[in-house]
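S.K.: Read off the chains here:
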Amino acid sequence: MTSTTLASPQSTRRPGWRAWVAFSPLLVWLAAFVVVPTGMLFVYSFFKNAGYSEVERVFTLGNYALAFSPDYLGNFARSTAYAGLTTILCALIGYPVAYHIGRAPAGRRNRLLMLIMIPFMTSFLIRTFAWTTILDHQGVLNTLLRALQIIPVLLNDKFEVLHTPAAVMIVLVYTYLPFMILPVYGSVEKLDESLLEAASDLGAGPARTFVRVVLPLTMPGVGAGVLMVFVPAVAMFAVTHVMSGGTVYLIGDVIEDQFGSGGNLPFGSALGMVLLVGFIATFFLFTRREKTT
Amino acid sequence: MDKMVELRNVTKRFGGFVAVAGVDLDIRAGEFLTLLGPSGCGKTTLLRMISGFETPTEGSVHLAGQDVTALPPYRRDVNQVFQSYALFPHLSVADNVAFGLKMKKTPGDVIRRRVAEAIEMVSLAGFEQRKPAQLSGGQRQRVALARALVCEPKVLLLDEPLAALDAKLRRSMQIELKRLQTRLGITFLFVTHDQEEALVMSDRIAVVNKGKIEQIGGVEEIYHRPRTPFVADFIGQANILEARVLSCVGAWAQVLCRGDVGLTVAGEILAAEGTTLLSIRPEKIRLSSRRPAGENVLEATVHEEIFRGATDQLLLQTAGGFELTAIVANQSAAEEAFHQGDRVFCQLHPDDVVVLAREGGVNAVAARQT
Amino acid sequence: MKHLCLLFAFAICLAGCHRDKSSAATAPTLHLFAWSEYVPREVIDGFTKETGIPVDYEVYDTNEKMLAKLAPGSAQYDIIQPSEYMVEHLIKRKMVAPLDLAQIPNLSNLLPEFRNLAYDPGNQYSVPYMSGTVGIIINTDKVKEPVRGYADVFQEKYRKRIIALEDNREMVSWAFATRGIAINDVTPENLAKVKPMLREWVKMVKLFNSDDPKALLIRDEVDLGIVYSGEAAKLMDQDKRFKYVLPAEGAHRFIDNLCIPAGSKNKGAAMQFINYILRPEVSKIISDRFPYTNPNAAARKLLSDGQRANPASYPPDAGNLELFRDIGKANADVSVLMTELRS
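Residue numbers (my numbering), protein chains in the order written: chain A, 1119 to 1411; chain B, 14 to 383; chain C, 0 to 342.
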């Protein structure tokens, strides 16, 4: 610590061989699982599809032309809309939860955080299938609605959430909620109690204290949460398929299919590259905005 | 006389802990009152019940004649300067100062004018667009002050606002604050554990101990006529002697200290016979090498001599067997100087010997005398 | 920092859901890559018990997905289960190994009509496992009007009541049959002709499911649709409301085969497995569990009259059935078209 603070700016910018050795596992990992595959995707995205997972090594821009055709632009838009709605719902549900946990006394705070983490102890796919048993026609939800006479009084007997876009939304929100709660919790926890008192002292009621003081000061947490929810939600697949019965076919499913049934590696690669560029752009947009505020 | 704040039999308990125990307190309009006491004595809790951050367990709080006990802080016409300043880090100096006025829905042009005036008043013109993180501790303190004063509160509450400043800055801020208060005529309620700060700034001081007000009064009264050993000891330095009352004649009483040393003291509140405690300020002890004429002369030896800059502190061993501390002006240029081992005569003027109540004894009486 | 630690804890939990593949047995494991809901557990366990060869069973739900995972020359799998057109394609690409028929004497149990087929003359590379058709399932309680062909299924009144196989080539073939185009005549022009109709059809489907349409039909989630005959046969056994119809416009008859990938390092055991499957009593178990059309003459003799009378398993009027042929590069066009329509 002291040596870095004492070192000249030049030497801090250029890490010594020790730093490279320390970083080498990470660099190898990055090279093997990020740089090389991304490079392969990039190269493949300019090849021609020869059917059945085969490619012709001929340069073409056709995959990108197809990726930017109206059908797929529509799909990108729809996927973005699903992810956007997921992000908004996660923020609306997650913020009060995170706020409550962040303001709770230390002992209770840790117990509540544990509760948020417990679902992660079982496999993600198992949890998704668990939702199908809750939401299907004869599932927990419908049984409850029938017991409350909501079926058949308000809803007809065919009512089912599973295999609708709503089911996809429910599981998307369920999946990504912790990724909103944790960063927001982090910024709420740091919030100085005396600032809330100062606002109250200066005449701001609870609502205006929230809008004028709490919200602006926890915005960095919300920003991080938005990034952590939105980016993976755009590319979500499998869950969308299970919950919608294959009718909500988002960009993640399209890409997955190109490497499976579709057997169209170049097109899948091109869609992947478009998504990647989109993510990087989103990320820079966010970090730049954070710096300016 | 206008009472700006009245606390009536206010008690605050946190679980089993009694932070404030049945306090009555009146604060006059326009005065600078200080709550002085050690940490944990309940002074901050008292302040927070006036600002509204705490609700009394029992009793009531009145502000300008109105019972505000049940009102939340944002409905009370008081403002606070926090110990940590609590400036909003995401707002500029100007926006911090404007915050309270905006909450009161003051028209924009009025806000602009008053914010400019408030910033001018605390000599921060030119810093309007800075963020709190870009200011020094003293500057932040001024912003906090401007932010509270711009709202023109009925009472300004200050919770150890100078504690985080270095000694020199603190001294200049003390004087600045006092001048500001005199000029604006706003009632200030100041909380501190620093007795010197309290003496410099206050009109009156309320000494708080263990959730109660031990004594309240003018600065000189608190200093010269402490009523309890706690007050005598907490403010300035005091020699506290135990004595037995021999007789009480008119305004004067005869008492006997350890070693059968007889003293004459002013005894108007000395009711009955028995033992009592006496207090005498070290600087009130007059020393001479020859026995002076008059009453209350004790013989002693200089046991220790401590150089304190402007003054010298002498530890005296009396013939009666007890110790006294005396403070004299720096002796380097004095005609008569006393050094370790010297024999001296100490004279305690009867008016300077204060008879104290046993702790708790006169407390309630003292607290109610306003 | 504390929050970073939390995130790491997440990552570890997520990573913790991998399966532990322990192979304590001495013989090298036989890696079977087959259709889901197609190979009974008892059959696999019986083989392991008899030979001591452990079997690892991994599943897929379309031929194309299987192909995508079967990298050329890879030793990852020892037995695969491609349909007829995929066998043809794999032979062309030299991705399957020739069989030593001397090691598969039970081949003679197969009916003559399932031997020496056009896509693999002389059974050099493949041995039929099961056969079946793709046809229409109807819940007769819910669907009162007669349904004879694809055009009767994909009607506005059945919107969001339809289940369909999630298989690009299948769906295209239904549209071809409806428009009177030969199902193997996959050309860009023909695809363009059926595109508008398919676009409508895709929107009418409530569920795309190849794995387990039975459960969804029994629960009344959907009322009709297009399924594999084995699923239909099983459903009709369980619930008399259901009826299986071979589409009047013509239907796909598939023959699923056992093949050995060229890269397999365990070909001896693989052929042992193929021969085991062809035993009448083993083949019967498969029919019991998955009532497709059994190509094994000796096994069919062991079936009950009821099993043989199930019209989905053994259609009385074979009608207008056709095998798929390898369409090679045209598959790319099918994939692009269907992806676009579903997007």
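Calculated directly from the structure, the hints in this document are not laboratory data. No experiment lies behind these values; they were computed from the predicted model shown. There could be a bad hint or two in this list.
Claimed, not checked - To give an idea of the chain C side of the interface with chain A (calculated C-beta under 10 Å), a few residues:
id, residue
1, T61
2, A163
3, V204
As the list claims (entries may be wrong) - Derived DEER-like restraints, expressed as beta-carbon distance ranges:
id, chain 1, residue 1, chain 2, residue 2, range
4, C, Q154, A, F1401, 28 to 34 Å
5, B, S260, A, E1311, 55 to 61 Å
6, B, Q147, A, M1337, 17 to 23 Å
7, C, G51, A, G1225, 54 to 60 Å
8, A, A1248, C, P145, 48 to 54 Å
9, B, A347, A, D1310, 50 to 56 Å
10, C, S73, A, R1136, 39 to 45 Å
11, B, Q147, A, K1308, 52 to 58 Å
12, A, E1174, C, S73, 18 to 24 Å
13, A, F1404, B, L197, 43 to 49 Å
14, B, G28, A, F1404, 55 to 61 Å
15, C, G45, A, F1401, 53 to 59 Å
16, A, K1308, B, L197, 42 to 48 Å
17, C, T139, A, I1244, 54 to 60 Å
Glycine included, each C-beta is placed from N, C-alpha and C at the ideal position.
S.K.: Hint by hint, where does the structure go against what was stated? Just the numbers, ascending.
M.R.: 4, 8, 11, 14, 16 and 17
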